[in-house]
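Undergrad: Start from chain A and add chain B according to the hints.
Just so you know, the protein sequences line up as chains A and B, in that order.
Numbered by my numbering, the letters in the first sequence go through residues 1 to 114 in order.
Numbered by my numbering, the letters in the second sequence go through residues 1 to 181 in order.
Check the hints yourself; a few may be wrong.
Unchecked claim - Mimicking DSS-like on lysine-lysine, the simulated pairs with C-alpha atoms at most 30 Å apart in a straight line are:
1) Lys-74(A) x Lys-57(B)
2) Lys-77(B) x Lys-76(A)
3) Lys-178(B) x Lys-89(B)
4) Lys-74(A) x Lys-112(B)
5) Lys-166(B) x Lys-74(A)
6) Lys-112(B) x Lys-155(B)
7) Lys-41(A) x Lys-54(A)
8) Lys-155(B) x Lys-59(B)
9) Lys-76(A) x Lys-61(B)
10) Lys-109(B) x Lys-41(A)
11) Lys-178(B) x Lys-59(B)
12) Lys-178(B) x Lys-76(A)
13) Lys-108(A) x Lys-178(B)
14) Lys-166(B) x Lys-61(B)
15) Lys-135(B) x Lys-41(A)
16) Lys-77(B) x Lys-112(B)
17) Lys-110(A) x Lys-177(B)
18) Lys-177(B) x Lys-109(B)
19) Lys-178(B) x Lys-109(B)
20) Lys-112(B) x Lys-59(B)
21) Lys-155(B) x Lys-177(B)
22) Lys-135(B) x Lys-124(B)
23) Lys-124(B) x Lys-109(B)
24) Lys-108(A) x Lys-102(B)
25) Lys-166(B) x Lys-59(B)
26) Lys-178(B) x Lys-110(A)
27) Lys-57(B) x Lys-76(A)
28) Lys-102(B) x Lys-76(A)
29) Lys-108(A) x Lys-74(A)
30) Lys-41(A) x Lys-112(B)
31) Lys-177(B) x Lys-124(B)
32) Lys-74(A) x Lys-177(B)
33) Lys-89(B) x Lys-177(B)
34) Lys-41(A) x Lys-77(B)
35) Lys-108(A) x Lys-57(B)
Derived from the structure by calculation, the hints contain no laboratory data.
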Amino acid sequence: MKNYKALMRNHLYLLISLLFFASCSNRTDTPVHKVYTVEIKQMQFQPAELTVQKGDTIIWINRDIVQHDVTEEKSKAWTSSPLLTGQSWTLVATENADYYCSIHQVMKGKLLVQ
Amino acid sequence: MKCIKPLVKWAGAAILYTMVMPSPAFSQQKPDLSDPEIASVAVAANQIDINYAEIAKEKSKNADILEFAQTMANDHKAVIAQAVALVTKLGVTPKDNAVTQKMQADAEKTKKMLRSKSGAAFNKAYIDNEVAYHKAVISAVEDLLIPESDNNELKELLQNVVPALKTHLMHAEMVQKKFSK
Numbered sequence: 001m002k003n004y005k006a007l008m009r010n011h012l013y014l015l016i017s018l019l020f021f022a023s024c025s026n027r028t029d030t031p032v033h034k035v036y037t038v039e040i041k042q043m044q045f046q047p048a049e050l051t052v053q054k055g056d057t058i059i060w061i062n063r064d065i066v067q068h069d070v071t072e073e074k075s076k077a078w079t080s081s082p083l084l085t086g087q088s089w090t091l092v093a094t095e096n097a098d099y100y101c102s103i104h105q106v107m108k109g110k111l112l113v114q
Numbered sequence: 001m002k003c004i005k006p007l008v009k010w011a012g013a014a015i016l017y018t019m020v021m022p023s024p025a026f027s028q029q030k031p032d033l034s035d036p037e038i039a040s041v042a043v044a045a046n047q048i049d050i051n052y053a054e055i056a057k058e059k060s061k062n063a064d065i066l067e068f069a070q071t072m073a074n075d076h077k078a079v080i081a082q083a084v085a086l087v088t089k090l091g092v093t094p095k096d097n098a099v100t101q102k103m104q105a106d107a108e109k110t111k112k113m114l115r116s117k118s119g120a121a122f123n124k125a126y127i128d129n130e131v132a133y134h135k136a137v138i139s140a141v142e143d144l145l146i147p148e149s150d151n152n153e154l155k156e157l158l159q160n161v162v163p164a165l166k167t168h169l170m171h172a173e174m175v176q177k178k179f180s181k
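Chain A extracted, bound-state conformation (with noise of 0.2 Å):
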């Protein structure tokens, strides 16, 4: 009976050991993504340069009177559509990109990925 007991109590220290263990992994397996905001106002984007991890998120928002949009600059490979005052667009940042508005071509950013 004592060893019985003895083997029930190893086996709980072990699942306890294994569900501690699992759970650190899980930690260090599951990257903490964040969450930026770019607001377009005053016809700027701001800010204008924006440095992120791969996997984050960035929402740009219409804070203007008038519409923008949100567009990669070199081949236009990807673009919010015109946004009206108040409306927001997000991205998962993948790669660095050069963006501007293509209503208004002189409003340029900047999306550095690390």
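TA: Below, chain B without anything else, positioned relative to chain A:
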């Protein structure tokens, strides 16, 4: 281009009147505009550029000109909508005045000039006028309309419009370079 000169002179006179800047057409004192008159000038200035854009959309086939004209029409309509919403909220009726009338008379001459041109000559005339017009309007808004505004919300609206006008000017200058080659 001719129509812009009086407005530039007028704005210049407004800025420099304390320095007794001589100007044949605008040697009188700085215009004393009420808020309803400022609202009228602001709406007219936006509507004039919408009208120029409509002519460009009728006459031009150039993609840069058409895109720019569409942006001008959309943005200036948005500004007018904001101005109308504000004067409605404030219970103010825009009041016609000599400045508005002068701007509209000059705009008629410019529209006639633009309609007389076609093809590349039209494109160049349109974008040259957009550069000159935005320079004049920025000067008038910053140096006369904002300082003359009594109501803080009207002043704030005018201040918020300046970055858009400056962006339009930079955009127009960018397009203008393509037609000066």
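Undergrad: Hinted pair, alpha-carbon criterion (30 Å max): Lys-108(A), Lys-178(B). Please report holds or violated.
TA: Distance ~20 Å between Lys-108(A) and Lys-178(B) Cα, so the pair holds.
Undergrad: Is Lys-77(B) within 30 Å of Lys-76(A), Cα to Cα?
TA: 28 Å, holds
Undergrad: Going straight from one Cα to the other, do Lys-41(A) and Lys-112(B) come out at no more than 30 Å?
TA: It is violated: about 36 Å lies between the C-alpha atoms, which goes past 30 Å.
Undergrad: Between the alpha carbons of Lys-135(B) and Lys-124(B), is the straight-line distance 30 Å or under?
TA: 17 Å, holds
Undergrad: Does Lys-177(B) lie within 30 Å of Lys-89(B) when you go C-alpha to C-alpha?
TA: Roughly 42 Å between the alpha carbons, so the hint for Lys-89(B) and Lys-177(B) is violated.
Undergrad: Could you grab the alpha-carbon distance between Lys-177(B) and Lys-124(B) and see if it respects the 30 Å cut-off?
TA: Judged against 30 Å, a Cα distance of about 10 Å means the pair holds.
Undergrad: Just to be careful, I want the Cα atoms of Lys-108(A) and Lys-102(B) compared with a cutoff of 30 Å; is the pair within it?
TA: 37 Å, violated
Undergrad: Do the alpha carbons of Lys-110(A) and Lys-177(B) lie within 30 Å of each other, as the hint requires?
TA: This hinted pair holds, its Cα atoms lying about 25 Å apart.
Undergrad: For the pair supplied as a hint, Lys-41(A) and Lys-77(B), is the alpha-carbon distance within the 30 Å limit?
TA: Holds, at about 18 Å.
Undergrad: Holds or violated: Lys-57(B) and Lys-76(A), Cα atoms, limit 30 Å.
TA: 25 Å, holds
Undergrad: Holds or violated: are the alpha carbons of Lys-109(B) and Lys-41(A) at most 30 Å from each other?
TA: 35 Å, violated
Undergrad: Can the restraint linking Lys-135(B) and Lys-41(A) be considered satisfied, given a maximum Cα separation of 30 Å?
TA: Holds. Lys-135(B) to Lys-41(A) sits at ~21 Å (cutoff 30 Å).
In terms of the numbered hints stated before, the structure departs from hints 3, 4, 6, 8, 10, 21, 24, 28, 30 and 33, listed from lowest to highest.
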